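Chains as they are written, first to last, in my numbering: chain V, 975 to 1402; chain C, 975 to 1402.
In short, the hints are calculated from the structure, not lab data. Honestly, I wouldn't trust all of these hints.
Same chains, same label: a pair holds when it works inside one copy or across any pair of copies.
Result set (SDA-like, lysine to any residue): computed pairs, CA atoms no more than 25 Å apart in a straight line [to be verified]: (1) Lys1249 with Leu1190; (2) Lys996 with Val1373; (3) Lys1322 with Cys1045; (4) Lys980 with Gly1236; (5) Lys996 with Asn1165; (6) Lys1389 with Leu1190; (7) Lys1389 with Arg1011.
Predicted model, so just to flag it, every value in this text is computed and none were measured.
2 protein chains.
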Amino acid sequence: MATAAKHVVIVGGGFAGLNAAKVLGNQAAIRVTLIDRRNHHLFQPLLYQVAMAALSPAEIAAPIRHILARCRNITVLQDEVTGVDLAARTVIARNTTLPYDYLLLACGARHAYFGHEEWEEFAPGLKTIEQATEIRRRVLNAFEAAERSTAPEEQCRHLTFVIVGGGPTGVELAGAIGEMSRYTLAQDFRNINSRLARIILLEAGPRILPSFSERLAGKATRDLEALGVQVRTASPVTGMDHDGVQVGRERLEASTILWAAGVQAAGLGQTLGAKTDRLGRIVVEADLSLPSHPEVFVAGDQACFTHGRTAPLPGLAPVALQQGRAIARNILREINGFPRQPFHYRDKGQLATIGRSKAIVEIGRLRFDGFLAWLTWLVVHIYYLIGFENRVFVTMRWVWSFFNFRRGARLIVDKEWRFYRPNNRNRP
Amino acid sequence: MATAAKHVVIVGGGFAGLNAAKVLGNQAAIRVTLIDRRNHHLFQPLLYQVAMAALSPAEIAAPIRHILARCRNITVLQDEVTGVDLAARTVIARNTTLPYDYLLLACGARHAYFGHEEWEEFAPGLKTIEQATEIRRRVLNAFEAAERSTAPEEQCRHLTFVIVGGGPTGVELAGAIGEMSRYTLAQDFRNINSRLARIILLEAGPRILPSFSERLAGKATRDLEALGVQVRTASPVTGMDHDGVQVGRERLEASTILWAAGVQAAGLGQTLGAKTDRLGRIVVEADLSLPSHPEVFVAGDQACFTHGRTAPLPGLAPVALQQGRAIARNILREINGFPRQPFHYRDKGQLATIGRSKAIVEIGRLRFDGFLAWLTWLVVHIYYLIGFENRVFVTMRWVWSFFNFRRGARLIVDKEWRFYRPNNRNRP
């Protein structure tokens, strides 16, 4: 490769970053460095299945450097980017500093409590594998604690699960807990009847799944209720602690609370001095570049793209994927002397699943639900999952649990690995 | 069930406890409570494969209550037993106290540093899923750090892996790191050559694998060397820190140190006032009962069984499995008015594997190695793995990685799940 090769730095190995890298892979005149805090790309649409003990973390994640191993012009670094010097065109990470010719910021989003960060301790969000494992630990531990307990009100508290937020993630979590308590765990306990678990889905707005049509959202509500989930709309949470949540004047005693109520773009975007929207997303140009910095692009959950639209593009995997590819193609065009093209989103529709064999699908004007929708959901998710191996194994897990309701990953894993902790060093 | 049903309490859901429970399951006149700190039975012989990113934790573990769900006379409790009142015949756990007619202690063993507990921080042992995940994190992080690094001596330290202890676990870990660096990771890095990783297996005694014949141990040494592992015998570790180990006068710079040098029986045994051996194992009668307490049995890694033998039975899965079953059968015999029978171990031989297609097998006088031994190892481990589902998935993973050298679980997972930690609560 010539020394004149343009250096493209990609921050983030999610859908946007990874797909940009794939387009730029093995292209002459370009060298790419992809930086991510994690060593793995995570297929976030299936993360709730890890939290719900249906899949193992490794089945929906793959090492970024392995995915890109054959692209010899791409270097992958595991590092945390702490800042960008736009004037000097350098990216500053904890262990290194990298100059760039083109920069793609695709750092994604994190869950957010909008001023109530202290709630995280009581109600974990679902954005990383660690959080999924924490949620799994809490849900399974609640059933174990209920089985051990002899006081009825304590048992009831352990068997109450509150999910805050009625978007797709909240719906999927609530449906999965309903299914787990009704089917998977039904034979496993002696002192409790897991079928009596109370699952409450709280939504502050007037209805769940606001991005879907009213008819489909109603269908999803009925499917959830069939799994024992109480759906409560117009119910904003006003307080919480380890033992429950406050909804207006009502107190709900619950030892498990899950947060699916809000996300915010990664913090790095707010340090650039660029205009951001109320979710912290950077407002981008029609070609996804930063205003007055055409060499910097922003994609995925970190970008606020409004051109030719009434509302910004939502934080969906297909949006990130298409944006990553579009940016990479524009970089190639520019290097080869062609003008850039504006980004156009090809709407792939949206899906949400409720339990084992129900889903809702909305693709343009096409709207359907039930088993066929669930099959669609299944095929789409298998298709986009990264890595042939993961596809094979996840398909097998699903076929397996479809027929016997089992969940292959019902493990409660501790956070601490040490046996000899400082405070019990003298233990015999 | 009549009120006169005898209550059998089993502490520990490992090979001994689980197999005892299975024999006692659905037997009239008996009710069983199995207590374990964890919610899962762990197939320890394959734990090194989780540490080496070849398998996921859920593939070698299964929820105890699910395994025993069809035994309606068995209650499973997740709780930590803190003591036994032999006089009052009660088991004391953190959340409950249980009277028993028969007690089976099968708490297993933990790794031990024999007076150097401060070494745990530098060199994790391999007994739990949490430790396996920690080892995986350290090994994969070492390669990432080497790739980031630009100083040659620092790179060399990151690419040096020291395994302390030349028993089967140490040999399996060293072989797996050798294979990973030579094959799995070979294409994935740009700044380092993972094939140049130094892997050093330190053994204090005169040779590795002392429980095997000298010829097979020699064969294993050559197989390890073919994978790039340096085997150093008569090399006791005298000190260690975050950056390396001291072996006599020599200092080995290494950022990854793994401990496979010793185990000790679970602490509970030492609180009973019974005679224990130097590994903390309780010396048991010929029927595996506690001397002068015929209603209390000890099995597996926690028992020191010497009857009719020159050395105590080793801490192997078949020993624990047979002991658990024998104890359960003696309890049934006694309840039905028949005398107890002494325990006889049927030697199932021993196996160890080195890398992807080599192993050594010793069954009585039958000794062999190479590919056939590896096939034997494979069939035996699949056969004893708990749960049909796990058998199917592990077989598939192995077939898969046999042909393409991949490892399906190369995930570095953090310990902390929270984003809003107390010290960065004001982060934007």
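Each hint tested on the structure:
1. Neither within a single protomer nor between protomers do Lys1249 and Leu1190 lie at most 25 Å apart by alpha-carbon distance, with minima of 35 Å and 69 Å respectively.
2. In this assembly of identical chains, Lys996 and Val1373 lie within 25 Å of each other by CA distance neither inside one copy nor across copies; the values are 31 Å within and 28 Å between.
3. Proximity of Lys1322 to Cys1045 under the C-alpha cut-off of 25 Å is found in neither arrangement, the shortest distances being 28 Å within a copy and 49 Å between copies.
4. In the homo-oligomer, the alpha carbons of Lys980 and Gly1236 never lie at most 25 Å apart, since the shortest distance is 38 Å inside one protomer and 54 Å across protomers.
5. For the homomeric pair Lys996 and Asn1165, the shortest alpha-carbon distance between copies (20 Å) is at most 25 Å, but the shortest distance inside one copy (53 Å) is not.
6. In this homomeric assembly, Lys1389 and Leu1190 never come within 25 Å of each other (Cα to Cα): the closest approach is 40 Å inside a single copy and 39 Å across copies.
7. For the identical chains of this complex, Lys1389 and Arg1011 are neighbours both inside a copy (20 Å) and across copies (14 Å), given an alpha-carbon limit of 25 Å.
Checked against the numbered hints above, the structure violates hints 1, 2, 3, 4 and 6; every other hint is satisfied.
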